[in-house]
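Visitor: So you can see what is in the structure, the chains are spelled out below.
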Amino acid sequence: NAGVTQTPKFQVLKTGQSMTLQCAQDMNHNSMYWYRQDPGMGLRLIYYSASEGTTDKGEVPNGYNVSRLNKREFSLRLESAAPSQTSVYFCASSHRTGRSYNEQFFGPGTRLTVL
Amino acid sequence: RKEVEQDPGPFNVPEGATVAFNCTYSNSASQSFFWYRQDCRKEPKLLMSVYSSGNEDGRFTAQLNRASQYISLLIRDSKLSDSATYLCVVNGAGTALIFGKGTTLSVSS
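First to last, the sequence lines map onto chains U and V.
Under our numbering, residues 1 to 115 are what the first sequence spells out, in order.
Under our numbering, residues 1001 to 1109 are what the second sequence spells out, in order.
Don't take every hint at face value.
[Said to hold, decoys possible] Here are the simulated lysine-lysine pairs, DSSO-like style, with alpha carbons at most 30 Å apart: (1) 1002/V to 1042/V; (2) 57/U to 1079/V; (3) 9/U to 1042/V; (4) 1042/V to 1101/V; (5) 1002/V to 57/U; (6) 1101/V to 14/U.
Rather than coming from a laboratory, the hints here were simulated on the basis of the structure.
In this text the structure is predicted, and so the values were computed from the model without any measurement.
Kindly produce the complete structure, drawing on both the sequences and the hints.
Guide: And the structure:
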């Protein structure tokens, strides 16, 4: 049981390049999330997927797209990377029931630098 | 008013000390409250959920005051291994969880 896995762990891009961050969970959770964490800013939600087949914007969606490929996988794509997207990206998953927000389990993060 | 506010610290305490962190939230409709712990360059992990009646887990006690929209975390008998950043987390309006920026604790021998 690996929990939440993310690839890659580290990535350096040049401005304008594109890439996809991969996330997978093996806990049969229905909800998945992408966050970015910057010094002094805390964790900010980029996009989330409440259930398979749905995605919604979070606090900072501009410059990103997501795909909920199936129940296990939720990818984050940067179409044209900018230096402002240099950050640590965390994927998380949870099993939301009704109005309750259950514990979110996080992956180890992807450290992205855009030059 | 920011959605979730915490004193960033750092809190520097000796081993064995008792330390308390506070957090305020802006959405009076919030129903779920948590404290997460994040070690340097690692992912956040759930420390404990916060229940209306208050709850305790070993040396950790969490309290919720809905009227004041205030959450606290008390750590007794601090250990070196408690050094970390503690994140206050609240569910937002119709979205996922809202994370505070965190309070940094450093416990020294």
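Visitor: Each hint: holds or not?
Guide: Evaluation of the provided hints:
Simply put, residue 1002/V and residue 1042/V have alpha-carbon atoms about 25 Å apart, close enough for the 30 Å limit, and the pair holds. Among the hinted pairs, residue 57/U with residue 1079/V is inconsistent with the structure: their alpha-carbon atoms are about 40 Å apart, more than 30 Å. The hinted pair formed by residue 9/U and residue 1042/V meets the criterion: a straight-line CA distance of about 12 Å does not exceed 30 Å. Note on residue 1042/V and residue 1101/V: the hinted pairing holds, with a Cα-Cα distance of about 15 Å set against a maximum of 30 Å.
At most 30 Å may separate the alpha-carbon atoms for a hinted pair to count; residue 1002/V and residue 57/U meet this at roughly 19 Å. Proximity of residue 1101/V to residue 14/U is assessed by CA-CA distance (about 29 Å); at most 30 Å being required, the pair is judged to hold.
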